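Novice: Okay, so the sequence shown: first residue is 15 according to the numbering used here, each after it adds one.
Some hints could be false.
Said to hold, decoys possible - Quick list of in silico lysine-lysine cross-link-like pairs, DSS-like style, CA-CA up to 27 Å:
1) K126 / K98
2) K92 / K39
3) K92 / K126
4) K92 / K103
5) K70 / K92
6) K70 / K20
7) K70 / K126
8) K48 / K92
9) K126 / K103
10) K48 / K70
11) K98 / K39
12) K39 / K103
13) K103 / K20
14) K63 / K39
15) K20 / K65
16) K92 / K65
17) K98 / K70
18) K103 / K63
19) K98 / K63
20) K48 / K65
21) K39 / K65
22) K48 / K98
23) K20 / K39
What the hints assert, rightly or not - Here are the computed distance ranges between Cβ atoms for each label pair:
24) L122 / Y94: 12 to 22 Å
25) G41 / K70: 32 to 42 Å
26) A46 / T135: 20 to 30 Å
27) A114 / N49: 13 to 23 Å
28) T60 / L117: 20 to 30 Å
29) S34 / G111: 42 to 52 Å
30) E100 / N130: 26 to 36 Å
31) G41 / D73: 18 to 28 Å
32) L107 / A50: 18 to 28 Å
33) S42 / Y127: 17 to 27 Å
34) K103 / K63: 36 to 46 Å
Because the hints were derived from the structure by calculation, they are not lab data.
Values in this document were obtained by computation on a predicted structure and should not be read as measured data.
Positions of the beta carbon are idealized from the N, C-alpha and C atoms, including for glycine.
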Amino acid sequence: MDAGQKVTWDCVYFGSYPQSEVTSKDGSIYNALKNATGWDENNDITIGKTKYRRLKGEDATYYSSNEEGQYNWNGSYKTYHYFKYEPIKWRVLNRNGNDALLLADIALDDQKYNTNLEDVTWETSSVRSWLNGYGHL
Numbered sequence: 015m016d017a018g019q020k021v022t023w024d025c026v027y028f029g030s031y032p033q034s035e036v037t038s039k040d041g042s043i044y045n046a047l048k049n050a051t052g053w054d055e056n057n058d059i060t061i062g063k064t065k066y067r068r069l070k071g072e073d074a075t076y077y078s079s080n081e082e083g084q085y086n087w088n089g090s091y092k093t094y095h096y097f098k099y100e101p102i103k104w105r106v107l108n109r110n111g112n113d114a115l116l117l118a119d120i121a122l123d124d125q126k127y128n129t130n131l132e133d134v135t136w137e138t139s140s141v142r143s144w145l146n147g148y149g150h151l
């Protein structure tokens, strides 16, 4: 939808998250990632000064190879794909003194509201636990 207006955001960069995919077109770093050992429990590794994450389609919350807006795993749900950690760009929506309301410039991740099919409140949801860094309780 074109509203006929131009919107400009103040932005800040902080934190990092796996964003750009590393593919065979990236040459030696792709081969280094494929052959690397020492991946941690989150499937992260640092090579040089750069951090990477590896994921399989079956690790995703949801995957589909033919839906618009979904990451295309190309039917290889059991093959690792590699992503480079990059700074997160945040839009500053509002400032109030030392406080700011921020919105990530892109969708970084997703989770189900609750991992189990049951009556649940926000306080007991698995997504709240995940957002607070506790994993799925």
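Novice: Each hint needs a verdict: does it hold in this structure or not?
Specialist: Evaluation of the provided hints:
With a C-alpha separation of about 24 Å, the suggested pairing of K126 with K98 holds against the 27 Å cut-off. Between K92 and K39 the alpha-carbon distance is near 20 Å, which keeps this suggested pair within the 27 Å criterion. The suggested pairing of K92 with K126 holds, with an alpha-carbon distance near 21 Å, which does not exceed 27 Å. For the hint pairing K92 with K103, the CA-to-CA distance comes to about 30 Å; that exceeds 27 Å, so the pair is violated.
Our distance criterion of 27 Å between C-alpha atoms is met by K70 and K92, whose separation comes to about 5 Å. For the hint pairing K70 with K20, the CA-to-CA distance comes to about 39 Å; that exceeds 27 Å, so the pair is violated. Restraint check for K70 and K126: the C-alpha separation of about 18 Å stays at or below 27 Å, so the hint holds. Of the pairs offered as hints, the one joining K48 and K92 holds, with about 14 Å between alpha carbons and a cut-off of 27 Å not exceeded.
Distance check on the hinted pair: K126 and K103 sit about 24 Å apart at the alpha-carbon level, within 27 Å; holds. The straight-line distance between the Cα atoms of K48 and K70 is roughly 13 Å, inside the 27 Å bound, and the hint therefore holds. Between K98 and K39, the direct Cα distance comes to roughly 14 Å. Compliance with the 27 Å bound is thereby established for this hinted pair. Note on K39 and K103: the hinted pairing holds, with a Cα-Cα distance of about 25 Å set against a maximum of 27 Å.
A C-alpha spacing of about 19 Å is found between K103 and K20, which places the hinted pair at or below 27 Å, so the restraint holds. Between K63 and K39 the alpha-carbon distance is near 21 Å, which keeps this suggested pair within the 27 Å criterion. Note on K20 and K65: the hinted pairing is violated, with a Cα-Cα distance of about 35 Å set against a maximum of 27 Å. Simply put, K92 and K65 have alpha-carbon atoms about 22 Å apart, close enough for the 27 Å limit, and the pair holds.
Between K98 and K70, the direct Cα distance comes to roughly 15 Å. Compliance with the 27 Å bound is thereby established for this hinted pair. A hinted pair counts as satisfied when its Cα atoms are at most 27 Å apart, and K103 with K63 qualifies at roughly 20 Å. Distance restraint check for K98 and K63: the Cα-Cα separation of roughly 11 Å lies within the 27 Å cut-off, and the hinted pair is therefore satisfied. Straight-line distance between C-alpha atoms of K48 and K65 comes to about 14 Å, which keeps the hinted pair within the 27 Å bound.
Between K39 and K65 the alpha-carbon distance is near 18 Å, which keeps this suggested pair within the 27 Å criterion. Distance check on the hinted pair: K48 and K98 sit about 13 Å apart at the alpha-carbon level, within 27 Å; holds. Pair hint K20 plus K39 does not hold up; C-alpha atoms about 36 Å apart against a cutoff of 27 Å. Evaluation of the 12 to 22 Å hint for L122 and Y94 yields a pass: the beta carbon distance comes to about 20 Å.
For the hinted restraint 32 to 42 Å between G41 and K70, the CB-CB distance of approximately 22 Å leaves it violated. Here the CB-CB span from A46 to T135 is close to 46 Å, at odds with the stated 20 to 30 Å. Between A114 and N49 the CB atoms are about 42 Å apart, so this pair departs from the stated range of 13 to 23 Å. T60 and L117 have their C-beta atoms about 28 Å apart, which keeps the hinted 20 to 30 Å range intact.
For S34 and G111, the Cβ-Cβ distance of about 35 Å falls outside the hinted range of 42 to 52 Å, so the restraint is violated. Remark: the range hint 26 to 36 Å for E100 to N130 is upheld by a beta-carbon distance near 33 Å. Separation of G41 from D73 is about 25 Å and conforms to the stated range, judged on CB atoms against 18 to 28 Å. In this structure, L107 and A50 break the distance hint of 18 to 28 Å, their C-beta atoms being roughly 39 Å apart.
Taking 17 to 27 Å as the suggested C-beta distance range, the pair S42 and Y127 does not conform, at roughly 41 Å. Checked against the hint of 36 to 46 Å, the C-beta distance between K103 and K63 comes to roughly 20 Å, which is inconsistent with it.
Checked against the numbered hints listed earlier, the structure breaks hints 4, 6, 15, 23, 25, 26, 27, 29, 32, 33 and 34; every other hint is satisfied.
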